[in-house]
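K.L.:
Given the coordinates of chain G, work out where chain P should sit on it, guided by the hints.
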Amino acid sequence: MIEVGIKKEQRLAKRLRNGENGAMQEFYTLYAEQLAGVCARYIVDKEDMRDVFQESLVHIISHICDFNYRGEGSLEAWATRVVINESLKFLRTAKRQELLLLEQDTPEESEPEAPQIEDISPEVLHQMVSQLPTNYRTALNLYAFENKSHKEIAELLGIKEKSSSSLLRRAKDLLAKKIKEYNKQYHPR
Amino acid sequence: MKEQWIQQMQQKLAGYRQPAPEVSWDEIEKALANNRQKAKARMVQLWTRRIAAAVVVLVAVTTGYLALNQQEETITANNVETEVSNKETNPQPKEEKIVAKESVSHKSKMLSVSHKPQVLPTDTLPSEPQPEPEVLQQEEAVPVQLAEDSSASHDEDSRTQIANTSPMPLPLDYPTDVRKPAVSGNRLMAKLYLTNGAMKETEHNIPTEIIYCYESNIILGPDGNPIPDTPTKRLSDYASGAAKSDVYHNLPIRYGLSLRYRLNNRWGIESGLVYSHHRSDIHTSLPTDLKPELHVTANIEQTLSYIGIPVNVSYQLWGSRYGNLYVTAGGMAEKMVKGRLHVEKSEEWEEKTESVSIRPLQFSVNGAIGAEFNLSRWLSIYAEPGVGYYFDNGSSLPTYYRDKPFSFNLNVGLKFNIK
Chain G
275 MIEVGIKKEQ
285 RLAKRLRNGE
295 NGAMQEFYTL
305 YAEQLAGVCA
315 RYIVDKEDMR
325 DVFQESLVHI
335 ISHICDFNYR
345 GEGSLEAWAT
355 RVVINESLKF
365 LRTAKRQELL
375 LLEQDTPEES
385 EPEAPQIEDI
395 SPEVLHQMVS
405 QLPTNYRTAL
415 NLYAFENKSH
425 KEIAELLGIK
435 EKSSSSLLRR
445 AKDLLAKKIK
455 EYNKQYHPR
Chain P
41 MKEQWIQQMQ
51 QKLAGYRQPA
61 PEVSWDEIEK
71 ALANNRQKAK
81 ARMVQLWTRR
91 IAAAVVVLVA
101 VTTGYLALNQ
111 QEETITANNV
121 ETEVSNKETN
131 PQPKEEKIVA
141 KESVSHKSKM
151 LSVSHKPQVL
161 PTDTLPSEPQ
171 PEPEVLQQEE
181 AVPVQLAEDS
191 SASHDEDSRT
201 QIANTSPMPL
211 PLDYPTDVRK
221 PAVSGNRLMA
231 KLYLTNGAMK
241 ETEHNIPTEI
251 IYCYESNIIL
261 GPDGNPIPDT
271 PTKRLSDYAS
281 GAAKSDVYHN
291 LPIRYGLSLR
301 YRLNNRWGIE
311 SGLVYSHHRS
321 DIHTSLPTDL
331 KPELHVTANI
341 EQTLSYIGIP
351 VNVSYQLWGS
361 RYGNLYVTAG
371 GMAEKMVKGR
381 LHVEKSEEWE
391 EKTESVSIRP
401 LQFSVNGAIG
411 AEFNLSRWLS
421 IYAEPGVGYY
431 FDNGSSLPTY
441 YRDKPFSFNL
451 NVGLKFNIK
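Protein chains in written order, with our numbering: chain G, 275 to 463; chain P, 41 to 459.
Each hint should be verified, as a subset may be incorrect.
For the chain G half of the interface with chain P, some residues (derived, Cβ under 8 angstroms), not all of them [claimed, not checked]:
# : residue
1 : ALA314
2 : VAL318
3 : HIS400
4 : ALA418
Facing chain P, a subset of chain G residues (Cβ under 10 angstroms, in silico) [stated by the list, open to error]:
# : residue
5 : PHE327
6 : GLN390
7 : PHE419
For the record, the hints were derived by calculation from the structure and aren't laboratory data.
Just so it is clear, CB atoms sit at the ideal spot from N, CA and C, and this is done for glycine as well.
Just chain G, same shape as in the assembly:
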């Protein structure tokens, strides 16, 4: 089917709303990999990630009436938000303990020295983020990719604002260390 320009998303949303056969498959073909990439940033375990991803699709179909078209890319942005919300919902319930885990005795450290990431592929970078502990990873994702403030992160994770800034600093520190080690090993200068 030939869909033209800016109306493509709008029309797809309308077809989803109408419950048309084939609309969901088309949506899946267009956006599944992108949404899976976002979901995997939050949920590492494959089984969990599949469940959350599936739950996100259910939410997208059943709440498509709430979607308002606001220009090109708005359907993808809206669907991404749904995936993030579903991921956070899962983390807040199933991984509650991991989210709250905070090493109190770790000494306060200053901001890490900025690592060089130009030579690192997205896949490797994604893997490094995935390897961070759940609470670090979640805080970093919300900060780096969703542009959330400390306060917003704290609210989303149900922790104190001070804890979220602490989590974030440690997440950045740990990630910077990983990148530096990787660079030392694979891109010695």
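P.N.:
Just chain P, lined up with the frame of chain G:
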């Protein structure tokens, strides 16, 4: 401000994709069906609650008003009796005095008022004692007379005059006051009725585009039955604003149950529950100039059900013991509770049933003139020809209300005087 390397990371991973996990469409379907059921249950629950709340408020207000009114009646009875007692000292024609005294002293007994009946001087008593059943019969009528007169001036003289016009002894089967309708004592009545639009069915054209833009999701598209060259296009994709559909609205039928409370002799207030059923036939045909091979027609039967709460005020123009004439006016809020579209398409097109909904409430105002005939003291029949105006609630569904905002109707029913 984000660190530069974090920004770089954000850009690097912005378009990151990975193979999507295999999802189970069966599970997704089940979850969706489950969600729909829950949403439906929530809606039903919400409306049941709202209607229940409205009924509770109505009952509370009516009960409160009744209770207040009962008190007023008691007080009025006291006052009248005192007045009468005072007047006893004045010289009055014998017969008049007997009637007035009798009525009031029985009344005081009935309402358990603390005033004891005055002992009359022997010369004011009737020469022959009144038979007991007649006295009892009068008791029924007296409170009404008192209550009604309380709204007007408590003119003792006028009452004695009325009493004077009544033959002695009073007839057994009529209240004391013959000016009033026979049922004037009933303040609360229940109505059971049927309303039908009194206007001829309507038929007119609406753009096909509207048909396809229902909130409802009607899909006239092939869904597996391919249109040549366009396996997944909806039929609506070919329909333009120029295409026409004929909509034929059948007369809506309305069943109602309501309570009417009489505020005084002339004014009454009424509310209850109303169920309306609407059926429309829509015939749509696609324009041949766009895709000649696609000239198909579809017949859609649209049925909508509404539940409404009316509030009306009525004013009695004329009344006798045989019945009365009145005018009534008010408003109503209706909620569409069930909607269904049954689509039958020509040729290779399949049949399909879809549910539809209209979220906003439908508000309307109405006025009618009514004639009521008393069949007995407790039961009467009535007919109310009237007019109604339905406000636009923004629905894109072609409804009788939307297409015929101003309409005539005939309401017939039974009234039960319950108190």
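K.L.:
Next, verify each hint and record whether it holds.
P.N.:
We went through each hint and held it up to the structure:
The restraint placing ALA314 of chain G at the interface with chain P holds, with a minimum CB-CB distance near 6 angstroms, inside the 8 angstroms limit. A distance limit of 8 angstroms between C-beta atoms decides the matter here; for VAL318 of chain G the minimum to chain P is near 12 angstroms, and the interface restraint is violated. Hint status for HIS400 of chain G relative to chain P: holds, with the closest Cβ pair at about 6 angstroms, below 8 angstroms. Taken as an interface hint, ALA418 of chain G checks out: its beta carbon lies about 5 angstroms from the nearest beta carbon of chain P, inside 8 angstroms.
For PHE327 of chain G, the shortest C-beta to C-beta distance to chain P is roughly 5 angstroms, which falls under 10 angstroms, so the interface hint holds. Taking 10 angstroms as the C-beta contact cut-off toward chain P, the hint placing GLN390 of chain G at the interface holds, the least distance being around 8 angstroms. Taking 10 angstroms as the C-beta cut-off, the interface hint given for PHE419 of chain G holds, the closest approach to chain P being about 6 angstroms.
Hint 2 from the list above is the single one not met by this structure.
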